[in-house]
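> Chain residues, written in single-letter form:
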Amino acid sequence: MGQPPAGGAVIAFAAPAFLVAGLLAALVPVALHLIRRRPPSSAPLPTQRFLTEDARNAVRVSRPTDLLLLALRMLLLALAGAALARPAWLPAPEGTSEIVLLDRGAAMSGGAWARAVGEARRALLDAEGSARGELVVFDTAATHVPRRRVTPALFDSLAAARPSSDRVDYAAALRSIRGASRELRGADSVRVTMLTVPRWGGWSAGMAPLRRAAWPGALAMPELGAARPAPADPASADSASTDATAADSADDAPRRAMVVASGRGGQFAAPALEATGWRVARTPGVDALPTEGAGLYVVLARTAPAVAAELRRRAEGGATVVVARDAVTEEVRGMIPWTGFALDDRAPGGIFLDPELRIDGASNGVRGRPAEGARVIAAWDDGRPAASAISLGRGCVVFAGTDLEGGGLPFSASFPRLLDRLGRGCESSAAPSADADRPLDAGARAVLRGEGPAVVAASAVEGAGGGVQLGRWLMAAALAVALIETFVAYRRRTA
Amino acid sequence: MSASADFLPPRLLERLGGLEIVAKTVVRGFQAGIHRSPLRGAGEDFAKHRDYQQGDDLRYLDWKLYARTDRLYVREFEERSNLQAYLVVDASASMDYAGEGGVSKLRYATYAAAALAHLMMGAGDAVGLASFGAEPRLLAGPRSRRGHLHDLLLNLERLKAGGSGDVADVLDRVGSAMPRGGRVVLFSDLLEEDDGAALAAACGRLRARGDEVIVLRVLTPEESGEAAPGAGLYFDPEHPARVLPAAPRQDPGYVRRVGAYYASLADRLRERGVEYVPLSTATPVEEALVAWVNRRRGAP
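If you read the sequences in order, they're chains A and B.
Positions 32 to 526 (the working numbering) are the ones given, in order, by the first sequence.
Positions 606 to 905 (the working numbering) are the ones given, in order, by the second sequence.
The following block holds chain B by itself, in its conformation from the complex:
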């Protein structure tokens, strides 16, 4: 990845049409941006040699071949995975919020989930889908067969925001529907009534099972305070009856309180071995994914 300007803004992604195209577009940008595959793991079979290129992992250098030929080759493997993963998308009413001129959090989460599904199924993982909003739902079990990606994308496309979902409940269901040692990726704004206590507990239970848990927190700039809205009456979409006159832009405590909430929640999640990734709907999806993956792999 050479420049972030190559990423497509979420608003532009929306114009691409179907989620499949969006996912491919995001993945293409994502693959151009990462330094190497984040999904290469155990159980790989040797495929072929190729010339070493700057940035390749030195662990895969074939030193014996180097000794014979005095040239650097890296070994490539065919990826083979038994990993089962669940993408859990928050479809509560608050995820329908889009902010000023942006895409909604649900839409953004959908793009990111579609891209990850595309990537993981490309790596041979079995990917399932769950959501929670009006009610917790396991939309598709983990599959790796050809054509399952289409089912996932179709389910993602059909997601409608509503209700105030119970994230702990859906995570527990996912845990029970998936063998141990799987991967759970949660897309949510993490605005929980109990300040995330149940969420942290559920994530802890998954971690205790040996599952990898990644929480992608999706937030708009208006919510995070980067572009706080002006004075007016505001209500929580999940509790529309409670209307509050306020001036977020003029209230410095607003940003501080939002930041403190998520910092506290992130700390609790990390304590439980959960990977916490804050995302903003103002950032292109593939750029956010690339940054996350690179950060995860320790790249600059």
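Extracted from the complex, chain A is given alone in its bound form:
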């Protein structure tokens, strides 16, 4: 089905041959009635000798005897043909239409909100004040504003209102694009603009694949100014990244981690943790813990019962204890968030920590399931839980269902992120540990902005510019006609 022609609304057919076939088929019942000529049946008449021959009566032209049934049958065939032709009502073309995602979360306080509303007004209203696109207002949820309500008065009221105190959820905004695009029936192309002051608070796990699925092009994200000083050159992702990294560095003091292992254990885990910003120490053995405390203990080997008890105490005091599969002892088993623990030496496949982080190379796993109240923080390829976390006192205990330094796992580029994620096991999301008000760094902005053209052809967007599909309604009408025809034919036969 091509683009609608310039001018008014039209009915377009994706497969017009079916329409022609249906109309021709509708003529068949008429043709059968009109074309068929056959001799009339002869009748006795004893006074036949007194008749004069009338050759016009030598053949009989059949006429439709039941016009209602004939009409129903023709209608049925025509409707079926029209339905198979996949008709669609296409409104008058509108050119490029806009979808504006307006953030009204807490981050929009100050002048950002007024500027965002102004941007939305400019994008959505033409000179006459008529809407030329769809407006979605979002914070933790997205609300699609019907086009008839997108008026200058709406923007006046939005400008007068204050943004909400809720955090935002960019995932909700991205998911709303598809619904909004379906309303753009006359658009030949679509541009999506997100008006927000990007904050980590709106970020959530799986943002990158969600972003790719939500919209095939790039989002326009005009700079609205933020509570924090904007980068000197907002267009430069590199400089923004540099600034954000600098800010992160200023906020994050190195955190202390301890790798509990024996022998050469911890030779991969320790540097991996250091790569993600931890200041790491290694215990000399598994029989005792240094008195100096740490925020994170990564237990890679079986420990003495006293050490296990000490780890529990430190977890209750606020530390996070990550226990690998090979470190589980009877004493530790009561602490880890796992039930039905049993070794399984088969290679379990890759580990998913979130939709964006998958690590291959695990050489073994365990059977069992997370304990009651524990949270699954990683899963195997087949969906079975791979790691779980549970709060213990003021701290956290994490169980990793594989040998963290076994197989090819330590050689994966994502190994440091795996350990970092396990070390934050009781945190609620995969977002960086910085607070939600921290601005998105350049990489996250790039993910949110996406790649591709800023203006996307409507034909590339499912549902957009496709008009109203009429095929299923015509098929339903054909079924209704078929039922009526059956009923009428039955009545005729039994009358």
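For the record, the hints were derived by calculation from the structure and aren't laboratory data.
Every residue gets a Cβ at the ideal spot worked out from N, C-alpha and C, and that includes glycine.
Some hints here could point you the wrong way.
Stated by the list, open to error - What follows is a set of in silico ranges between Cβ atoms, one per label pair, in the way DEER data are often shown:
id : chain 1 : residue 1 : chain 2 : residue 2 : range
1  : A       : Tyr-521   : B       : Arg-861   : 43 to 51 Å
2  : B       : Arg-785   : A       : Arg-80    : 31 to 39 Å
3  : B       : Asp-656   : A       : Arg-80    : 40 to 48 Å
4  : A       : Arg-87    : B       : Gly-786   : 51 to 59 Å
5  : A       : Arg-80    : B       : Leu-677   : 38 to 46 Å
What the hints assert, rightly or not - Which bits of chain B does chain A cover? Going by a derived footprint, with three or more residues having C-beta under 8 Å, they are:
id : segment
6  : 832-844
7  : 847-855
8  : 862-876
Put chain B on the given structure of chain A with help from the hints.
Only chain B this time, still in chain A's reference frame:
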């Protein structure tokens, strides 16, 4: 007879069942409709007097009794007849034709013949039965004994239409099987190949013998043209191979030709002293018989 609405339509007669019931029903209606018995003839014996009623034949007034009593009485006679009669029913294929929603001509003729047999045997006449269709047949000789009526009705009931009969042949056979001075009543549609020449000749021969000959022509409204059928292909049941496309309803010549045929045939029959009675299957049997008898007796 007060109103023709009292007569039963032939279609209704068919539902009565056996021919005996039909005959009695027809005769009852017939007797209620006639002004007096058509079969009262010579050779009657005095039975009794009764009061004169309007319509009685003045010839039977007893004037002597009137002179003595100053009241009008008519003399009644016991009917006694030596008349021998033959009912000849056409059972050729064309008689099977019924038209639209009516009874077949054969069925109609059967009703009329049964009624006449009932009447005539009631009057003491000896009645026989003959038919012609596939072949001419003398089905029952003239008898007047009790129970013969049942035989006649049974034979009438069994008649099946078929073939193209030879009416002259059966009339000649009837003539030879019956003493002179008898009565022959023919029920037929009179559709003869020779335009009725042989029929007229046979009737003439019977008349020459001194027989009374009555021809009751039975025809459907479709045949007579009163309700001619629409356009189509038509064949003569006696010659089914000859199919003719025609539109009788739109053909004014059809009625004219049918009428001319029967008028010509009627003229020839009347020339020979044959009583010709046209009947239509659309008319109730007893009504047709009453009209005929009344007409015969000169009543209005």
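> Hint by hint, say whether it matches the structure.
How the hints compare with the structure:
no.	hint	result
1	A:Tyr-521 with B:Arg-861: 43 to 51 Å	holds, 49 Å
2	B:Arg-785 with A:Arg-80: 31 to 39 Å	holds, 36 Å
3	B:Asp-656 with A:Arg-80: 40 to 48 Å	violated, 56 Å
4	A:Arg-87 with B:Gly-786: 51 to 59 Å	holds, 56 Å
5	A:Arg-80 with B:Leu-677: 38 to 46 Å	violated, 57 Å
6	832-844	holds (count 9)
7	847-855	holds (count 8)
8	862-876	holds (count 3)
Comparing the model with each earlier hint shows violations of hints 3 and 5; every other hint is respected.
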